[in-house]
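Undergrad: Quick mapping for you: the protein sequence lines, in order, are chains L and Y.
For what it's worth, this note's numbering labels the leading residue of the first sequence as 1, then goes sequentially.
For what it's worth, this note's numbering labels the leading residue of the second sequence as 1001, then goes sequentially.
It should be emphasised that the hints constitute simulated quantities derived from the structure, not laboratory data.
Don't take every hint at face value.
Derived lysine-lysine pairs resembling DSS-like cross-links, with alpha carbons at most 27 Å apart [claimed, not checked]:
| id | chain 1 | residue 1 | chain 2 | residue 2 |
| --- | --- | --- | --- | --- |
| 1 | L | Lys-81 | Y | Lys-1118 |
| 2 | L | Lys-202 | L | Lys-190 |
| 3 | Y | Lys-1140 | L | Lys-202 |
| 4 | Y | Lys-1118 | L | Lys-202 |
| 5 | Y | Lys-1040 | L | Lys-202 |
| 6 | Y | Lys-1032 | L | Lys-202 |
| 7 | L | Lys-190 | Y | Lys-1118 |
| 8 | L | Lys-190 | Y | Lys-1127 |
| 9 | Y | Lys-1189 | Y | Lys-1127 |
| 10 | Y | Lys-1040 | Y | Lys-1189 |
| 11 | Y | Lys-1032 | Y | Lys-1015 |
| 12 | Y | Lys-1140 | L | Lys-190 |
| 13 | L | Lys-176 | Y | Lys-1214 |
| 14 | L | Lys-217 | L | Lys-176 |
Facing chain L, according to a computed beta carbon distance under 7 Å, are these residues of chain Y, among others [what the hints assert, rightly or not]:
| id | residue |
| --- | --- |
| 15 | Ala-1062 |
| 16 | Leu-1064 |
| 17 | Arg-1083 |
| 18 | Met-1084 |
| 19 | Tyr-1090 |
| 20 | Phe-1092 |
| 21 | Gly-1096 |
| 22 | Trp-1100 |
| 23 | Ile-1113 |
| 24 | Phe-1116 |
| 25 | Phe-1137 |
| 26 | Gly-1147 |
Backbone N, C-alpha and C define an ideal beta-carbon position, used for all residues, glycine too.
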Amino acid sequence: MTNRALPVLTVLAVLIALWYAATVWMNATWVFDQAARAGQSVTWAEVVPQTMAQDRPLLPPPHQVASELWKGIAGKKVTSKRSLVYHGYVTFRGTMMGLTLGIVLGIALAISIVRFRVMEMSVMPWAIISQTIPIVALAPMILTLSNQMGIDSREVPKAIISAYLSFFPVLVSMVKGLRSPDQMQLDLLKTYGAGEGATFWKLRLPASMPYFFASLKVAVAAALIGTIVGELPTGAIEGLGARMLIGSQFGEPLIMWSALFAAALLAGGLIVIVGGIERLANTRMGVRP
Amino acid sequence: MKDTTERFPAVIEAKGLNLTFQTGDGSVHALKDVDLTINKGDFVSFIGPSGCGKTTFLRCIAALEHPTGGTLTVNGMTPDEARMRRAYGYVFQAAGLYPWRTIAGNVQLPLEIMGFTKAEREDRVRKVLELVELSGFGGKFPWQLSGGMQQRASIARALAFDADILLMDEPFGALDEIVRDRLNEELLKLWARTQKTIGFVTHSIPEAVYLSTKIVVMSPRPGRITDVIESPLPRERPLDIRDSREFIEIAHRVREGLRAGHIDD
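The shape of chain L in the complex, shown without the other chains (with noise of 0.2 Å):
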């Protein structure tokens, strides 16, 4: 354990200094500025604590955003819309649904690739082009051609974000493993009579698993990003998404970071989670350990 953490932990206390190091550079000139409005002069020795402990710093230091991210989720009841269990929570239940909508939108555009020879000529160029084009572009046409179409709630145009940015790894390696199976497999179960649909349900989609979870795992960080640029155009008001712009429009850097670190712990927690699933489906498929 102890071998895999040291070289971690050894980048993390390098990021860390980094950290201090530019909040120090970053927040001077605001006390410089400060003390010449007063007529002092301030040595180095003064600068740097109140380089640290500013309200509206231009970088804050790492340990006011871990205090501000702490009070954010300890310290505020889980309904308050200060709370960033609150946003979070917002966050990832968008998260659920793009990725639950972009799972099957991948899984059956590659179905049909597999099975049909003109999908692959007709949909996979557009395919990759839809990935060319900038999701934030592209938000802020989702959210109004949805209120367009008459649909108030929030929650779908997000999961529309989320799933255009979530479909594509999936579609990607679905089609690479549903054809995984070589011809020597395709042929023994042709020496069983076996049709398309034995073929797909017996060796196709079990051989598929593998290049299925390596997808998710980039799937799932992708719905995670298309939902808070879904959460990012004005008028959002939930969400971590919400919550950064917030931070950003009323010159809150405090907010910002605190949002931005919450949303990087929801990463990591939703990738351990695929990590967990992708172990159950190993035990259960005789991966060897």
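Add chain Y to chain L, keeping to what the hints say.
TA: Relative to the frame of chain L, chain Y by itself:
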């Protein structure tokens, strides 16, 4: 010899069989004017250098390839019809077990596809695993078994649905000689117990001579039969029969046949 052919009816009959593949740079004559009769209970080996069409012929019997000329019947039917009637089990060079299924799960794969009931599936799996001496390994996953055991499991899978014909395409080609010897011996025992008709593709002269009642020597470009040897060896064969004079004489004739096919190279 004539007596045996009459007592055992023909199960596979090829007459003037031709197969031409169209490839990027012209056509390949994979099988040319192949005439062959395989009788019930025969153990027939196909031997020859690569490209001689021995695997292609086996695949034609299994309806995995379709001849471009001549006739081929299996149990008096076309190969496609015979497949639908579960006439044969096919064993490939690689065991090809599904890594996500246990050994028992792999063996019952064809039974699931053919719609056997759960009770019947379990019963048959138990019986064929016993037959290949893998009882007690049903719950293991393929990676937990050696290469030889995996190939035995794949033979069990081919036997599970009680086909009369067993088609084997270099089933022991990827195994080392010691394991191969043992599996050859076991295969003969299994053949004696089950009375199957076996078509067996191999690269190895001793393997062909040791196992077969009939050895079909083939040569490439175009793929054709150059010699058919009815083996005078008894059906019951201990491993040391391979040191007998008869054995060595047959092996010599096979070698001569292979060499003759190479003259025009």
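Undergrad: Next step is simple, just say for each hint if it's right about the structure.
TA: Against the structure, the hints:
1. L:Lys-81 <-> Y:Lys-1118: Measuring from Cα to Cα gives roughly 56 Å; hence the hint is violated.
2. L:Lys-202 <-> L:Lys-190: holds (12 Å)
3. Y:Lys-1140 <-> L:Lys-202: The given pair, whose Cα atoms are some 19 Å apart, holds under the 27 Å limit.
4. Y:Lys-1118 <-> L:Lys-202: At roughly 16 Å apart (the allowed maximum being 27 Å), L:Lys-202 and Y:Lys-1118 satisfy the hint.
5. Y:Lys-1040 <-> L:Lys-202: violated (33 Å)
6. Y:Lys-1032 <-> L:Lys-202: Violated, because 37 Å separates the two Cα atoms, which is more than 27 Å.
7. L:Lys-190 <-> Y:Lys-1118: holds (22 Å)
8. L:Lys-190 <-> Y:Lys-1127: holds (24 Å)
9. Y:Lys-1189 <-> Y:Lys-1127: Holds, at roughly 15 Å.
10. Y:Lys-1040 <-> Y:Lys-1189: Judged against 27 Å, a Cα distance of about 17 Å means the pair holds.
11. Y:Lys-1032 <-> Y:Lys-1015: Given that 27 Å is the threshold and the Cα spacing comes to 11 Å, the pair holds.
12. Y:Lys-1140 <-> L:Lys-190: holds (26 Å)
13. L:Lys-176 <-> Y:Lys-1214: With a Cα-Cα distance of about 44 Å, the restraint between L:Lys-176 and Y:Lys-1214 is violated, given a limit of 27 Å.
14. L:Lys-217 <-> L:Lys-176: Holds, at roughly 16 Å.
15. Ala-1062: Hint on Y:Ala-1062: holds, closest Cβ of chain L at ~6 Å, below 7 Å.
16. Leu-1064: holds (6 Å)
17. Arg-1083: Because about 6 Å separates Y:Arg-1083 from the closest Cβ in chain L, which is inside the 7 Å limit, the hint holds.
18. Met-1084: holds (6 Å)
19. Tyr-1090: Check passed: Cβ of Y:Tyr-1090 comes within 4 Å of chain L, closer than 7 Å.
20. Phe-1092: holds (5 Å)
21. Gly-1096: At about 6 Å, which falls below the 7 Å cut-off, the nearest Cβ of chain L leaves the hint on Y:Gly-1096 intact, so it holds.
22. Trp-1100: holds (4 Å)
23. Ile-1113: Because about 5 Å separates Y:Ile-1113 from the closest Cβ in chain L, which is inside the 7 Å limit, the hint holds.
24. Phe-1116: The hint is violated - Y:Phe-1116 has no Cβ within 7 Å of chain L, the shortest such distance being about 12 Å.
25. Phe-1137: violated (13 Å)
26. Gly-1147: violated (15 Å)
Hints 1, 5, 6, 13, 24, 25 and 26 from the earlier list are contradicted by this structure; the remaining hints agree with it.
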